[in-house]
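Those sequence lines, one after another, are chains Z and B.
Going by this note's numbering, the first sequence opens with residue 1, and the numbers climb by one from there.
Going by this note's numbering, the second sequence opens with residue 1001, and the numbers climb by one from there.
Hints may contain errors.
Subject to a maximum C-alpha distance of 35 Å in a straight line, what follows is the list of computed DSBU-like cross-link-like pairs (lysine-lysine) [what the hints assert, rightly or not]:
id	chain 1	residue 1	chain 2	residue 2
1	B	K1280	B	K1147
2	Z	K151	B	K1432
3	Z	K351	Z	K421
4	B	K1349	Z	K151
5	B	K1409	Z	K156
6	B	K1305	B	K1002
7	Z	K156	Z	K351
8	Z	K156	B	K1432
9	B	K1305	B	K1258
10	B	K1409	B	K1280
11	Z	K23	B	K1432
12	Z	K156	Z	K23
13	Z	K59	B	K1305
14	B	K1386	Z	K472
15	Z	K421	Z	K151
16	Z	K351	Z	K442
17	B	K1432	B	K1409
18	B	K1349	B	K1280
19	B	K1280	Z	K156
20	B	K1147	B	K1432
21	Z	K23	B	K1409
22	Z	K151	B	K1280
23	Z	K421	Z	K156
24	Z	K442	Z	K23
25	B	K1147	B	K1258
26	Z	K156	B	K1349
27	B	K1280	B	K1025
28	Z	K151	B	K1409
29	B	K1386	Z	K156
30	B	K1432	B	K1025
31	Z	K23	B	K1349
32	B	K1432	B	K1002
33	Z	K59	B	K1386
Since the hints were derived computationally from the structure, they do not count as laboratory data.
Take a look at the letters that make up each chain.
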Amino acid sequence: MLTALLVFLPLLVSVVVFFSPRKIAFWVSFGGSLLALALVAMMINAFDPALGRQFVYEKAWLPDLGISLKMGVDGFSLLMLILTAILTPLIIASSYNQERSCSFYGLILMMESALLGVFVAQDAFLYYLFWEMALIPVYFLVLIWGDDSRKVVTYKFFIYTLAGSLFMLAGILLLYFNNPARTFDIDQLYTLQLSGNQQSLIFILMFIAFAIKLPLFPFHTWQAPAYTVAPTSATMLLSGVMLKMAVYSIVRWIFPIIPLGAWIWGDVVLGMCVIGVLYGGWIAVRQDNIKTMLAYSSFSHVGLIVAGLFCFTEEGIQGAMFQSFSHGINVVGLFFIAEILFQRMQTHDLKLMGGLRVSAPILASFFLILLFGSVGLPMTNGFIGEFMLLRAIAGYKLWLGVLTGATVIIGAVYMLRAFQKSMLGGVERETFTLSDLTLREKLILLPLAGIVIVTGVYPSVILQITGPASAKLGELFSVYLNYSSQN
Amino acid sequence: MKALILTSVIGIATLFAGVYKLRNKSVWVPFLGLIGVMFTLFADWNTSISWYNNMVRFDNYSLAFSGIVITALLMILALSMDHYKEAGSSIADIYGLMVFSVVGAIVLSAFSNLAMLFLGVEILSIPVYIMAGSNRRLSASNESALKYFLMGSFASGILLFGIALVYGATQTLDLDQMALLGPTVQSPLFTVGVLLVLCGFLFKIAAAPFHFWAPDVYEGAPGLVTAFMATIVKTAAFAAFFRLFSTAFISEESAWFKALWGITAATLLAGNLTALYQTKMKRLMAYSSIAHAGYMLLAMLTLNKQAGSAVLLYAASYTLASIAVFAVMLLVSEAQESDALVKFKGLAKNNPFLAVILAIALFSLAGIPPLAGFFAKYYLFAIALKSNLFYIVIVAIIASIIGAWYYLKSLSLAFMPSNEGAEHIPVGLPTKIVLILCVTGALVLGLRPDLILHLI
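Construct the entire structure; sequences and hints are all you get.
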């Protein structure tokens, strides 16, 4: 019941927000997202990682088509729920002074509902519905509040992701028809024994959707323009949470159901990831638009996360989940910094900034903390995640580990370059009277920076949530790994 | 049967409303009458009675399709209350023609004899020929009527020729006997006849390569008549198509399956790809209706019991969404004196209500969950995959992606902030009710498709 409430509450509030007067729309939506956070907190409190799926809510929906409203929360889900529930109120708060209309906030809450739905759905059809529903609010957010060149970008983004989703639908349907019980219930799908060819086909169909959403090389061309032209709140949702839908989906719908398919294509995926890691980092170094730079950095980081997953070890999966969480926190923080800079200077261009540290020292400190997290400095969350991922990859294939290890260096290059260009150096513009952070901005950045450090020092806070679930997947794949090491 | 007789009587009564110069009040005659017809459909539910030596048989299948057609006509009539406000006395003629055309649609959903099929097609089409040309002063409307008439009669001829050959081969016009005899008939006349009948149908539903008439006819005809053609004519033609090919002609499946496979793929791609390049809403909807015919043809390829439900659900969801789009288009094109896509710019700013309706309707047409259009498409894909039609489903998926592109193109124009575009457009109460009903229907059918799937 708690699960269903968590998913549908933001949706209900969003309907209220659509029809509420403009003045209170912000507060209603903020309140709604805080309520969702409170529900997630209740879940954390009652959650026992060792028990597997909990808070199950099951209700018949279209029984003769094998579709039911089945939701539940396990370690992977819970981590993503926490991420979504923490970020949404912060994202809403970050747009407080922009005088958005009520539909803006309504759409964000709708989005939250769809995202939470994706993370709890235990029925493939229901999962697909939420996955697609997450697309609609973003489409409108970008279309209505985006930059000038958004028209083409929104098409590209929408069509690209829709294309991926439809192939995934075909994959899900194949699972459905290969299943004697003719149901979308995940527990039935777990019991399927499909042949290698079938798994391989289903993997391709489903993975296209995830590769686009993440995005992986060569499906990434929608990402940088979309992140750049979207209003920053939408960019935060896209990079902070929406992208994690795909990471989560791989561990939820691909690994346990079609492990052989994943195994067959594992090396191809690893190749795509590694190219993305290097390529994304390399482009990020050359960007002067801070949002574009962050977009490519996100592209690069995600490559590393997925590469960790496709090492098929417990450590890799744990690292990927941890890093997904960290990346969500860091990237949202960094995009918020970009937004703060934009509001004060009306530009995203790093070349036009410089010397901000003098006039805005607190801003510079927060920037530095988030940047350290993103670069992976020890004692920050990024370090733990990258360390685990790189170790898993190096354990799988040493040279791959070395190659992807380069991200740490490239990441440091582009991040520190951004910091240097904006915060350090001489004051480049005469009109430069920049105010430091307001209380609201501090209140948003404080929790983010706090999480960066706390989870960096005590990673077990996060790791213990997903531990048993990752261990289970690791065990599943240990058979494959042993088999291949014998040959 | 009650529905058929009652609807015919209403048609005549509507013409009398014109004689007595009720002018724009004459719409109430067919409107209230058809609501009565809806009740008779409910009263006859779960009966299966055949009439006049099995000329027509009213079973749940025909009642359900009649229900959709009549609901669509009720909505179009409600829209016309606002649209034809200043109408002259001839307006009752249009209403009468619409009702007569729906009589044909009911016959098409219920026929069980090929003679009735032909009668139904003609009763359906002839009023539409006249309706298409009802805007006499506009040359495009005249062109539309002439084109539709010429092409339509040609197709009727082919259909009739096919029926004659089938009769020659099987010695019967009765569907049930034909279904029994079919497997034993050796004559190639039967095959040729079936293929000719198929061509006749493909013309009526505007499937590629028989679709070239549709865009011009749709564009030239007055807006509400276009809505009528896109929804009612298409639904009725599909009802008949499926009824015939899933029973009487099923034994010849091997002859027409491959042809229909290719035609389905061609229709899906031709409709969607051409729609991409349209700059006018009416033409876009014409190509979109061709594309949607392509999706419904998927059901023709599977021909099992679920396929009937799938066609019904698809027809219902397509009708609801299309009527909403046509209604918004009519309002915008009246205010802007053009239906060019660019005239939709800035719709969201001054007319948020219309923009939201348009968004939901177009999302439903594009097949985005949780709307009816999504589920209808999903269900079609599912039954096609179940019949191992893997490749055509992939074609259909690619077609839906292209489809989403042009629906979003029009939607993007409406939602992009812009200073161009219409001032506030006043929306009359009947139109408002229809729009809200369409959108609610699209949502409800998206969440509870079993309401329709369980009908037949």
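Evaluation of the provided hints:
no. : hint              : verdict
1   : B/K1280 / B/K1147 : 20 Å, holds
2   : Z/K151 / B/K1432  : 30 Å, holds
3   : Z/K351 / Z/K421   : 7 Å, holds
4   : B/K1349 / Z/K151  : 17 Å, holds
5   : B/K1409 / Z/K156  : 11 Å, holds
6   : B/K1305 / B/K1002 : 26 Å, holds
7   : Z/K156 / Z/K351   : 29 Å, holds
8   : Z/K156 / B/K1432  : 33 Å, holds
9   : B/K1305 / B/K1258 : 21 Å, holds
10  : B/K1409 / B/K1280 : 12 Å, holds
11  : Z/K23 / B/K1432   : 28 Å, holds
12  : Z/K156 / Z/K23    : 34 Å, holds
13  : Z/K59 / B/K1305   : 27 Å, holds
14  : B/K1386 / Z/K472  : 33 Å, holds
15  : Z/K421 / Z/K151   : 31 Å, holds
16  : Z/K351 / Z/K442   : 25 Å, holds
17  : B/K1432 / B/K1409 : 25 Å, holds
18  : B/K1349 / B/K1280 : 21 Å, holds
19  : B/K1280 / Z/K156  : 22 Å, holds
20  : B/K1147 / B/K1432 : 34 Å, holds
21  : Z/K23 / B/K1409   : 32 Å, holds
22  : Z/K151 / B/K1280  : 19 Å, holds
23  : Z/K421 / Z/K156   : 31 Å, holds
24  : Z/K442 / Z/K23    : 23 Å, holds
25  : B/K1147 / B/K1258 : 30 Å, holds
26  : Z/K156 / B/K1349  : 24 Å, holds
27  : B/K1280 / B/K1025 : 32 Å, holds
28  : Z/K151 / B/K1409  : 9 Å, holds
29  : B/K1386 / Z/K156  : 32 Å, holds
30  : B/K1432 / B/K1025 : 19 Å, holds
31  : Z/K23 / B/K1349   : 19 Å, holds
32  : B/K1432 / B/K1002 : 31 Å, holds
33  : Z/K59 / B/K1386   : 26 Å, holds
This entry satisfies every hint, going by the numbered hints stated previously.
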